[in-house]
Amino acid sequence: MAQTVFVEAINQALVEEMRRDESVYIMGEDIRRAVYGATANLLTEFGEKRVLDTPLSENGFFGAAIGSSLVGMRPVVETLTSFMWVAMDQIISQAAKMRYMFGGQATLPVTFRATMYYGGGSAAHHSDRSYPMFMNMPGLKIIVPSNPADMKGLLKQSIRDNDPCIVFEDGTLFGMRGEVPDNQDAIPFGKARVVREGTDATIVAIAGAVGHAERAADELSNEGVSVEIIDPRTLVPLDKKAILDSVEKTGRLIIADPAHKVCSAASEIASIVAQEGFWSLQAPIQKVAAEQVHIPYTPSLESLVYPNPEKIKAAVRTTLE
Amino acid sequence: MEISKETLMLMLRRMWTIRHFEEKVMEMHSAGEFAGGAHPYIGEEAVAVGACLALESTDYIAGNHRSHGHPLAKGGSVNGAMAELYGRVGGYCKGKGGSMHLADFSIGILGESGIVASSVPVATGAALASHIRGEDFVSMVFFGDGASNQGACHESMNLAALWKLPVIFLCENNQFAVTTSYRNSVAVEHISDRASAYNMPGVLVDGQDCIAMYEATTEAVRRARAGEGPTLIEGLTFRYEEHSLGLGRVRRGEYRTQEEIDAWRKRDPLVIHTERLISQGIATQEECDAVSAEVLKEVEGSVEFARNSPFPGPEALFEDMWADEIPAP
Ligand SMILES: Cc1ncc(C[n+]2csc(CCOP(=O)(O)OP(=O)(O)O)c2C)c(N)n1
Chain A
1 MAQTVFVEAI NQALVEEMRR DESVYIMGED IRRAVYGATA NLLTEFGEKR
51 VLDTPLSENG FFGAAIGSSL VGMRPVVETL TSFMWVAMDQ IISQAAKMRY
101 MFGGQATLPV TFRATMYYGG GSAAHHSDRS YPMFMNMPGL KIIVPSNPAD
151 MKGLLKQSIR DNDPCIVFED GTLFGMRGEV PDNQDAIPFG KARVVREGTD
201 ATIVAIAGAV GHAERAADEL SNEGVSVEII DPRTLVPLDK KAILDSVEKT
251 GRLIIADPAH KVCSAASEIA SIVAQEGFWS LQAPIQKVAA EQVHIPYTPS
301 LESLVYPNPE KIKAAVRTTL E
Chain B
1 MEISKETLML MLRRMWTIRH FEEKVMEMHS AGEFAGGAHP YIGEEAVAVG
51 ACLALESTDY IAGNHRSHGH PLAKGGSVNG AMAELYGRVG GYCKGKGGSM
101 HLADFSIGIL GESGIVASSV PVATGAALAS HIRGEDFVSM VFFGDGASNQ
151 GACHESMNLA ALWKLPVIFL CENNQFAVTT SYRNSVAVEH ISDRASAYNM
201 PGVLVDGQDC IAMYEATTEA VRRARAGEGP TLIEGLTFRY EEHSLGLGRV
251 RRGEYRTQEE IDAWRKRDPL VIHTERLISQ GIATQEECDA VSAEVLKEVE
301 GSVEFARNSP FPGPEALFED MWADEIPAP
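Here the protein sequences come in this chain order: A and B.
Following my numbering, the residues of the first sequence are numbered contiguously, the last one being 321.
Following my numbering, the residues of the second sequence are numbered contiguously, the last one being 329.
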């Protein structure tokens with residue numbers, strides 16, 4: 001076991017998968033000089049053909065990645081969530097739809113690594129946490145790691161997976177340290193992690209919200225409240241069973257989600273539990289998600305937007321009233 | 001072209017405004033006075049100033065993430081810009097936009113954009129409005145060499161040329177997009193060469209020469225107002241600083257040499273302009289120094305203004321979402 005920083009875990013996954021499989025290559029903007037940190041030293045080891053700096057042409061190079069995946073490559077594309085808007089046509093019209101539309105002929109083992117920078121004064125254009133919008137579109141696997149080990153294992157799985165995957169890398173976690181087993185292998189999709197066990201309430205927490213939920217749970221335990229935390233790790237596929245089993249045990253559900261709250265991952269989880277776990281519930285489901293506004297630049301307002309331990313604790317207490 | 005002393009001195013003033021503003025921003029950012037990123041415009045002042053002074057106050061501009069120079073060149077308030085960076089209610093956008101989203105619609109600044117090239121269609125649309133309504137105003141958009149590779153940019157240029165829209169595409173070729181040289185991202189020799197593909201004039205201009213920028217833009221504006229359609233101007237320039245504040249700490253390896261930086265710093269737009277004013281007997285060294293000193297005071301005052309302006313209170317969070325209010329979800 002080694003203590004590894006989140007961004008290094010990304011780097012390790014990339015290096016190991018590129019060594020393992022020659023069809024894996026990476027492209028993105030300024031990745032050779034690793035301006036976002038995760039692609040350090042790749043150029044030296046793998047050379048210019050497998051580490052491509054692209055022009056600023058997201059729709060073009062996302063599309064090129066998709067096209068190369070159709071004929072046997074395993075591209076990894078680095079971007080920020082907010083720049084995926086530019087590439088939306090290729091992601092939706094091609095990556096998500098081709099396989100089905102062409103009657104299963106197309107296989108698209110392409111991975112989009114999309115970093116979510118939020119919480120640090122990046123303002124409306126650079127703070128998107130857009131996974132719910134992609135969940136809404138069939139055909140894309142949606143990965144939301146919350147710690148270095150999961151980051152590494154899930155990225156490895158994404159690269160090996162034969163469907164288009166979007167890995168939403170939470171920028172608030174980039175400096176996070178955590179244990180990563182020396183032989184950390186690919187982690188299968190659709191398997192939630194029980195972050196901690198508890199009996200009074202279930203918090204399903206997504207990406208950066210997992211840490212907030214843990215802090216809330218620590219504080220609540222001082223009040224004698226025992227909280228269970230579930231990290232779904234992948235939203236498509238979603239481990240419904242883990243969530244329903246937990247709610248069956250605790251009878252209460254709080255969902256902590258840094259994305260906007262309308263038509264969100266939180267909404268979807270709430271609706272699943274309302275429909276399939278209704279008789280387990282002893283209190284209304286609570287969503288603690290980002291307020292339905294754009295991300296304001298000023299810290300005096302941005303700090304009000306996202307889930308935090310205070311908001312999560314308040315929501316848990318509401319379910320216990 | 002005959003240019004009045006008043007205009008020539010205004011060029012100097014606006015360029016100093018940007019230079020002092022940006023230096024102050026770097027100082028205050030490293031002092032931890034505000035968070036968020038910022039992309040210094042130092043070295044590129046002549047491009048925006050020469051271009052904006054060729055516009056009327058009723059004309060529109062739109063810009064990008066390297067965003068402070070454009071509004072200041074068009075005469076935007078220094079206090080408003082600084083307060084925006086400080087996230088205060090006295091800022092252009094009441095603290096909601098920050099560095100990359102400066103906008104002052106009252107003087108034709110339709111907004112800077114953090115998503116590269118996303119302003120190019122927007123400015124094209126402002127020109128479309130002028131065209132449809134048969135009005136006289138033009139629109140100009142600032143974008144980088146990197147942005148010139150976006151589909152949005154190419155699509156806008158074709159639209160504008162097709163419909164003969166009064167828009168000026170002003171490419172600030174500072175030669176790098178973050179760490180990527182335009183030599184490694186653009187397949188033609190000069191970005192302005194692409195204009196021929198859209199059937200519009202493409203002009204390569206020395207972007208360190210404010211007067212050259214002014215003259216080229218004046219001709220583009222004339223064409224636009226005369227209904228002759230768009231022009232692509234490429235101002236060849238250089239950014240002195242890192243792409244954005246703090247980036248030097250994270251990137252690995254160099255992407256340009258110290259010699260290259262030094263050589264471009266020798267072609268400083270403020271020095272070039274000042275020397276010309278003096279050698280042509282238009283102004284004395286003292287007059288030029290006085291402009292710089294006055295502007296520096298104004299910039300220092302803007303820091304005080306920003307510090308004294310309050311942060312928006314929680315009630316502001318949901319304000320400005322809608323023109324016609326709807327119930328919260
Ligand atoms: C669509 C999009 N992709 C990527 C980025 C990240 N990014 C911000 S500025 C920049 C470089 C822009 O270069 P250029 O257009 O030449 O302008 P310059 O910064 O040189 O002034 C990049 C890659 C972004 N903001 N938007």
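Incorrect hints may appear among the rest.
[Unchecked claim] Below, a list of computed lysine to aspartate or glutamate pairs in the DMTMM-like style, where the Cα atoms sit at most 20 Å apart:
1) A:Lys287 x A:Glu214
2) A:Lys156 x A:Glu268
3) A:Lys311 x B:Asp193
4) A:Lys249 x A:Asp182
5) A:Lys240 x A:Glu219
6) B:Lys5 x B:Glu294
7) A:Lys261 x B:Glu33
8) A:Lys241 x A:Asp185
9) B:Lys297 x B:Glu2
10) A:Lys261 x B:Asp320
11) A:Lys156 x A:Glu276
12) A:Lys261 x B:Glu294
Everything labelled a hint here was simulated from the structure, so no lab data went into it.
Against the structure, the hints come out as follows:
1. Of the supplied pair hints, the one linking A:Lys287 and A:Glu214 holds, its CA atoms being roughly 16 Å apart against a limit of 20 Å.
2. For the hint linking A:Lys156 to A:Glu268, the alpha-carbon distance of about 26 Å lies beyond 20 Å, and the restraint is violated.
3. Taking the CA atoms of A:Lys311 and B:Asp193, the gap is near 56 Å; set against the 20 Å cutoff, the hint is violated.
4. Between A:Lys249 and A:Asp182 the CA atoms are separated by roughly 34 Å; this puts the pair beyond 20 Å, and the hint is violated.
5. Between A:Lys240 and A:Glu219 the alpha-carbon distance is near 27 Å, which puts this suggested pair outside the 20 Å criterion.
6. The suggested pairing of B:Lys5 with B:Glu294 holds, with an alpha-carbon distance near 18 Å, which does not exceed 20 Å.
7. For the given pair, A:Lys261 sits about 32 Å from B:Glu33 by alpha-carbon distance, which is inconsistent with the 20 Å threshold.
8. A hinted pair counts as satisfied when its Cα atoms are at most 20 Å apart, and A:Lys241 with A:Asp185 does not qualify at roughly 24 Å.
9. A hinted pair counts as satisfied when its Cα atoms are at most 20 Å apart, and B:Lys297 with B:Glu2 does not qualify at roughly 31 Å.
10. Distance check on the hinted pair: A:Lys261 and B:Asp320 sit about 19 Å apart at the alpha-carbon level, within 20 Å; holds.
11. Simply put, A:Lys156 and A:Glu276 have alpha-carbon atoms about 32 Å apart, too far for the 20 Å limit, and the pair is violated.
12. Distance check on the hinted pair: A:Lys261 and B:Glu294 sit about 49 Å apart at the alpha-carbon level, beyond 20 Å; violated.
Violation of the numbered hints given earlier is confined to hints 2, 3, 4, 5, 7, 8, 9, 11 and 12; the remaining hints are satisfied by the structure.
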